[in-house]
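Visitor: Construct all of the structure, not just a fragment, from the sequences and the given hints.
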Amino acid sequence: SLAEHKPVFLAFYLDDSSDSKRYAISISRVQEFYGKVAEIIPISVDSIPFKEAYDPTEPGYYYSGSVPQVLVFNQSGEVVLNKKGQVPFEEIDDEFRKIFNLLPRTETAKLQRRAFNEFSSELAQ
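So for the sequence shown, the working numbering puts the first residue at 1; every next one is plus one.
Note that these hints are calculated values from the structure, not bench results.
There may be inaccurate statements among the hints.
Computed cross-link-like contacts, SDA-like style, restricted to lysine to any residue with a CA-CA straight-line distance of at most 25 angstroms [unchecked claim]:
(1) Lys83 with Pro104
(2) Lys21 with Pro104
(3) Lys36 with Gln75
Guide: In structure tokens, the structure reads:
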């Protein structure tokens, strides 16, 4: 991906981690907005071989030991974002906007669940 000079979004996760499962929606959102112009690479930490040292071309070089962890690389292969935990989509979006020279968001819309009404008496009539 870096040889093609495309930005890269790297997401480390663990299959049986509830934090990773909760974060999957954010990874999907990154895929939705930037999947055609950037490489989106989710990596299960179980697939990283244990070694004393890693090469910068290997995922283990960037993995810090906790999940979820996300990294964003620009077209030159420089890390512009490296964060652990539930990194908000907006923070990732800000980095991609800088990379692609897009206008900044004027306002950030927080993701909120819609109110759910279990029973509507109007529908029952």
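Visitor: Are the hints correct? Go through all of them and say.
Guide: Now the hints, each set against the structure:
no. : hint              : result
1   : Lys83 with Pro104 : holds, 21 angstroms
2   : Lys21 with Pro104 : violated, 29 angstroms
3   : Lys36 with Gln75  : holds, 14 angstroms
In this structure, only the earlier hint numbered 2 is contradicted, and the remaining ones agree with it.
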